[in-house]
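Visitor: So you can see what is in the structure, the chains are spelled out below.
Protein chains: 2
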Amino acid sequence: MTNPGIKAFAPASVANVACGFDILGFALKNPGDFVVARHADHSDGLRITKITGDQGKLPRDVRKNTATVAVQALLDHLGESSTSIDLEIQKKMPFGSGLGSSAASAVAAVVAVNKLLGAPYTKSELLPFAVLGEQSADGAYHADNVAPALLGGLILIQDTASLRWVRVPLPKGLVALVVHPKIEVLTRSAREIIQPTVSLELHSKQAANLGGLILGMMQSDFELIGASLQDLIIEPQRMKLIPHFGEVKTAAIQEGALGCSISGAGPSIFALFNNTLLAENAAAKMSTIFHQKGIEATAYLSTINQEGAYIC
Amino acid sequence: MTNPGIKAFAPASVANVACGFDILGFALKNPGDFVVARHADHSDGLRITKITGDQGKLPRDVRKNTATVAVQALLDHLGESSTSIDLEIQKKMPFGSGLGSSAASAVAAVVAVNKLLGAPYTKSELLPFAVLGEQSADGAYHADNVAPALLGGLILIQDTASLRWVRVPLPKGLVALVVHPKIEVLTRSAREIIQPTVSLELHSKQAANLGGLILGMMQSDFELIGASLQDLIIEPQRMKLIPHFGEVKTAAIQEGALGCSISGAGPSIFALFNNTLLAENAAAKMSTIFHQKGIEATAYLSTINQEGAYIC
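For the protein sequence lines, the chains are A and B, in the order given.
At position 48 of the first sequence (counting the first as 1) the number is 48 in this note's numbering, and the numbers step up by one without a gap.
At position 54 of the second sequence (counting the first as 1) the number is 54 in this note's numbering, and the numbers step up by one without a gap.
Don't read these hints as lab results, they were simulated from the structure.
One or more hints might be untrue.
In silico SDA-like cross-links for lysine to any residue, where the CA-CA straight-line distance does not exceed 25 Å [to be verified]:
| id | chain 1 | residue 1 | chain 2 | residue 2 |
| --- | --- | --- | --- | --- |
| 1 | B | Lys172 | A | Asp221 |
| 2 | B | Lys285 | B | Gly96 |
| 3 | A | Lys240 | B | Glu201 |
| 4 | A | Lys123 | B | Phe222 |
| 5 | A | Lys172 | B | Ser220 |
| 6 | B | Lys240 | A | Leu200 |
| 7 | A | Lys172 | B | Leu170 |
| 8 | B | Lys172 | A | Gln219 |
| 9 | B | Lys57 | B | Ser136 |
| 10 | B | Lys29 | B | Ala284 |
All chains should be modelled from the sequences, with the hints used to inform the complete structure.
Guide: And the structure:
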């Protein structure tokens, strides 16, 4: 009989959230990735035994895969660098989608391995290791996907260097919609397209939006959320990477979205609603626009995932 | 017997608050300005009959004084452009201090005149007129002094163009200290010294501080307030206009300030505390540093003024 091991799930996440570039993200209920960790009796240390759902595209090399880079950092920190563990990664979400796919794998992996080792760390103590894993995928050190995938909810990274994070309380009835058009946008390219500076005026306006979004969420003020859920800096630069973005966003707003912007580095597009019915209508309209242009698109509709990663 | 008229008070305010350049400000209990408005029986429209406490430095021309520019905008909007009103301005606070002196005069003036005319507007409806008044003094359209001086509390200007503002709930026990060294820094010069762009990295870090400050205030998390009350963009550029700034700030932090930065365009320096005794000690230390260098300095200590402007 196969050793069942420990299986963990970590959800997709929406980073940036229009006005919080690199510092704000929330978790979806689905999709997400599963990772199974098992003690092994070989002496090869950490290994990837199987990856499913990636069409063979993810690295099998443990020094290059986000999941194993994260786990190795955890093992090194625990003084268990040479412990032999086999990982099986079950990709259940698209990668290169702007939905935090590499973050989800890294988070599920550290959560599974931590449990396998008797849970020496709390969830939030696992954050730095998962961030290191994701960094190996896109080259940047930021936690706006990893933190919500691990901890759930809407998370502000108050300080990236120290990974000080804060949970933003959310209003009841908030619904997230993500539409993923099957177009390839590499995170690295999406990052390279962005100007390295911003005018002081736009800085203040965007910061005011972030402040307004946080206040709106905490005070259940949907009008304020709507007014604040705007990206004046990144979206205007990145939208050119996503064909038909303008039309799809307009459809979301017309269907009653509080706001709509690019999820992470794209090409997925997210919108927030205070009403499930509106979100369902928007999902249909937004997907249809892509379909009519011959682009496959998948819509994911969910409340905000407040739990984050968990052991299955 | 003299017509007593209507007398209004508006308080000093601290704009920017380290991480909210042009979009965040709070009101002090004192100092502040008084304006008396009286109906007049001449046919000259709006007049300034007297200004006290300004050493003759403020413009007597109604088209140039912030108070009368604000009132004229109000009168024009009410269709009372040629109503004859006499204003007396009692400056009780230093100007060119970074304490929102022109905002206080503009706010007190519109509050007094509005009352004199039977209070056609609510306080928050008076905001645009006072902002126009202040704009005439420093050339920039922003409400981060005017809004708190008018409305009290800690105010985020979510959108400057529409003047959409939001009150940030505050923790109990917050104490504000302002130390005003008698050095002249003109708002215009303080603005000109600032680089017109900021790196995307600093933008995100500063926005994260603003988000953290708001969350810290709303959740009474003084550690988070302290971590967030930092200005990575403006203070490093403006501090050179304030001699001994570094030393004075260090003294504030050593005495237990949650944070310390420049008030508005300076030269006043503000610090926040969660304990009055610490604030008193810091006030003494910070003032002493200036005194030892031969610079006159005044310290103002108060809780946050939640009321804003009022009729006396």
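Visitor: If a hint holds in the structure, say so; if it doesn't, say that too.
Guide: For each hint, the structure was consulted:
1. For the suggested pair lysine 172(B) and aspartate 221(A), the alpha carbons sit about 23 Å apart, so the restraint of at most 25 Å is met.
2. About 23 Å separates the Cα atoms of lysine 285(B) and glycine 96(B), which keeps this hinted pair within 25 Å; it holds.
3. Restraint check for lysine 240(A) and glutamate 201(B): the C-alpha separation of about 22 Å stays at or below 25 Å, so the hint holds.
4. With a C-alpha separation of about 24 Å, the suggested pair lysine 123(A) and phenylalanine 222(B) falls inside the 25 Å cut-off, and the hint holds.
5. A hinted pair counts as satisfied when its Cα atoms are at most 25 Å apart, and lysine 172(A) with serine 220(B) qualifies at roughly 22 Å.
6. This hinted pair checks out: lysine 240(B) and leucine 200(A) have alpha carbons roughly 19 Å apart, not beyond 25 Å.
7. Distance hint between lysine 172(A) and leucine 170(B) is fulfilled; the C-alpha atoms sit about 23 Å from each other, no more than 25 Å.
8. Between lysine 172(B) and glutamine 219(A), the direct Cα distance comes to roughly 19 Å. Compliance with the 25 Å bound is thereby established for this hinted pair.
9. Taking the CA atoms of lysine 57(B) and serine 136(B), the gap is about 16 Å. The hint holds against a cut of 25 Å.
10. Using a Cα cut-off of 25 Å, the hinted pair lysine 29(B) and alanine 284(B) holds, with the two alpha carbons roughly 19 Å apart.
Violation of the numbered hints given earlier is absent; every hint is satisfied by the structure.
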